[in-house]
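Enquirer: Now for the letters of each chain:
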Amino acid sequence: MIELKNISKKYSGAANYAVAPTDLIIKPGKIIGFIGHNGAGKSTTLKMMTGVLTPTTGDVEINGYSIINEDRKAKSDLGYVPDNPDVFLKLTGLEYLNFMGTAYGVEREVLNNRIDELANKYLMSDKLNDLIDSYSHGMRQKIVVMGALVHEPKILILDEPLTGLDPQASRLLKDSMIDHVAKGHTVLFSTHVLEVAEKLCDEILIINRGKIIYQGTLSDLKAQYQESESLEDIFFAITNEND
Amino acid sequence: MSKLKRGLLSLLIVVIILGVFASILVPVLLHADELQELIPWNIGILAMMICFYLTFILAIISAIGFTFSSGYLDKNLDNYSVLPINKREFVIAKLALVYYNVISLVILISVPFIIIYLVFAKISLIGILAIIIYTFTMPLVVIYFVTIILGTLMYFVNKVKNKALAKNVLFSLFFIVAFGLYLAFVITMSSLGEDNSLAQVTFIVEIIQKVGVFFFYSDWASNLLIYEDIKNLLLMMVVFIGGSISILYFEKVYFKGSLGFNEGGIRSKSTLRKNSKLPHYSMTKWFFIKEAKDIFKTGTYFFNSVMGNILIVVIYLGMMGYYYFFQSDTASVSQEITTMINNYLDIEIIIIITIVIGTFFTLFNNGAATIFSREAKSLDFINSLPLKQSRAFFGKVVFHGLVEFLTLFIFMIIPMLVLKISVVYIIASILVMFLIILATILLPVCLDLRFPNLDWESETAVVKRSKSIWMTMIAHLILISLVLGGCAALYFVLDIDYKIISYLVVGYYVIMSIVMIIIYRKLIDAAFKKVRN
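Chains as they are written, first to last, in our numbering: chain A, 4 to 246; chain B, 133 to 665.
Watch out, some of these pointers could steer you wrong.
List time: in silico DSSO-like cross-link candidates among lysine-lysine, alpha-carbon distance up to 27 Å [to be verified]:
no., chain 1, residue 1, chain 2, residue 2
1, A, K8, B, K661
2, A, K202, A, K157
3, B, K137, A, K76
4, B, K219, B, K388
5, A, K124, B, K409
6, B, K135, A, K13
7, A, K8, B, K384
8, A, K124, A, K186
9, B, K661, A, K157
10, B, K388, A, K13
11, A, K186, A, K157
12, B, K219, A, K76
13, B, K135, B, K596
14, B, K662, A, K214
Stretches of chain B that chain A covers, calculated by requiring three or more beta carbons in the stretch to come under 8 Å of a beta carbon on chain A [unchecked claim]:
no., region
15, 426-439
16, 583-593
Calculated directly from the structure, the hints in this document are not laboratory data. Beta carbons are placed, not taken as given, at the ideal position from N, Cα and C, and that holds for glycine.
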């Protein structure tokens, strides 16, 4: 479970909150889509959840562990896929996965098997010995997703994971999210592609100008906005209301 | 930073550099008479000849390095090709940058030699004019040759599939060039006392003069060398026309040699992973491996960090190898040295020698000065991992410490082993080395943690324009002046026994190491915390 307790973020020198004080609970076993305009505060919120950014106020609890005071325990339950997959470019894919396994304390034998499993699933078996620097954007995204899954995290957080992916890679990732949730885990991802959120997500979080303006199921949202047929229409309607 | 601050900072750097030069020049000036008795030529003239030779070697190496890095390692090259820019102007702009960088180094190295010349030689207007013309034209001529050779090589390298291997082979060629030139310099200088030394020296200087396109006049060069003006004028015309041709040629080969060169590497040769045992490393070791791979697999990082260490080791080993294998009197010289060492050497002298060499060597590796800044793109990701970032990060520091240690080890310990010096002295030297490295490697790291450059877009920007780089340079110059100048002052001025001095300096490095560790631990946590805020 992810619990946001009065969490907010104001960057130094900024007049306004990037994320206004918010309370939120995300229960396990669901795919949650986090949608909003550019600059709405999606990445900032995700980064606070993963310990990348320190909240200005409040705290985040990951399965009961504070991300501020018990960060290593909290992060152990997380898998994070950043919006930019250009990390550790001079390591090979295999070294990167081994590194991630070490960071998350995965046992050697388990790690070995998991790497093979993920490599087969993501069609990267014959690419693992190459430098990540030589990968295309889609391949880099795949290796970062594999790295985030190598320790079977209870909560998988992905920031704009579908950007730049070809249809096959996109499909693989969506299937992975569904498989992950089927095991009782949680997936939270931000996206601009509302059709994907519509088809994939159990719950939707909508953020506008730093404020979470909706949390709930898509069906409840559609019930509120009966005249709108698609999530896209509802999204524009709800964000215009809150402007 | 305001213009005034920038100006003051530049002035400070100049003052410090001149101060260091002065600290080297003062002993030469003070003991000029003894030196003059040893050599047959005027010291000022000899200084200029050495200057011309050294700056020539430096110009070649730096021209190759700067042409390669600015011309071929710029990640934006592929983006420039779609712009409607004049390609000739683009090439000339790139070469102008190379010229500026090379000439800066040439001028910097020339300064102490010019000072010696001005003090000791009969100064003439022609002589000064010759130095100025040489200083500004020699790098031009060197760059012309480099563009032709490098441009041709890169044209064919870019057609090669395995670009990573090709890059590594080219880097190795730089070492061979540098080593060959330095060996030639050493052979020439080492034969100064022999009968045919004058012919050798004049031959070398003739080549340099022809490249530098300047002319000696007999009254300035003490009748050493005489040239006819018309021959040199014709030579000058040929060289400048040749220069224009070289730019046109470079323009033709450059774009085909540079575009697509910065691909990350090949993918086609990868094979399926066999289900073999994965190596198990700690997080500190993982960051050590990561740092090693980042440095060795990124040309810009490599050039600006460990290349200096590798170069100096290669040249040193080559020189030692030459003397050991090719000089006939090596055995007797070794025996003489061993006898002298056994009679006069004590542990304090070993400590002082280690300190002098170790302190000087801190200049060679700037990699530690961007250890945090270079991770700008990965910091968010590192912060998301469940690890103690400060402890894991130490792996990167250890890498640079190891590079320095290995360099010093080769310089100090291998000759000691060859000369069969006592094990106690060797252990003492290693311990002192360890102290020096611990203190000096953490200094640039702390500067980078305190003043990180996290807004760069290219690797060149982070290694050339980070505050920590020039702050490290100033700090190292101050350190060298303090330690070496301090030792000299304590011994020559205050007449303190060298044994006491050796232990004082060891004590200084012990205190500095402890202080740097404390500062590092505070700064690393603060740096990661700042990124999270």
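Enquirer: Run every hint past the structure and note whether it holds.
Expert: Hint by hint, here is what the structure shows:
1. A/K8 - B/K661: 21 Å, holds
2. A/K202 - A/K157: 22 Å, holds
3. B/K137 - A/K76: Not OK: B/K137 and A/K76 at ~46 Å, beyond 27 Å, violated.
4. B/K219 - B/K388: With Cα atoms ~12 Å apart, B/K219 and B/K388 stay inside 27 Å; holds.
5. A/K124 - B/K409: 21 Å, holds
6. B/K135 - A/K13: Judged against 27 Å, a Cα distance of about 32 Å means the pair is violated.
7. A/K8 - B/K384: At roughly 63 Å apart (the allowed maximum being 27 Å), B/K384 and A/K8 break the hint.
8. A/K124 - A/K186: 17 Å, holds
9. B/K661 - A/K157: Roughly 26 Å between the alpha carbons, so the hint for B/K661 and A/K157 holds.
10. B/K388 - A/K13: 49 Å, violated
11. A/K186 - A/K157: 9 Å, holds
12. B/K219 - A/K76: 56 Å, violated
13. B/K135 - B/K596: Holds, at roughly 19 Å.
14. B/K662 - A/K214: 25 Å, holds
15. 426-439: holds (count 3)
16. 583-593: violated (count 0)
In this structure, the hints that do not hold are numbers 3, 6, 7, 10, 12 and 16, in rising order.
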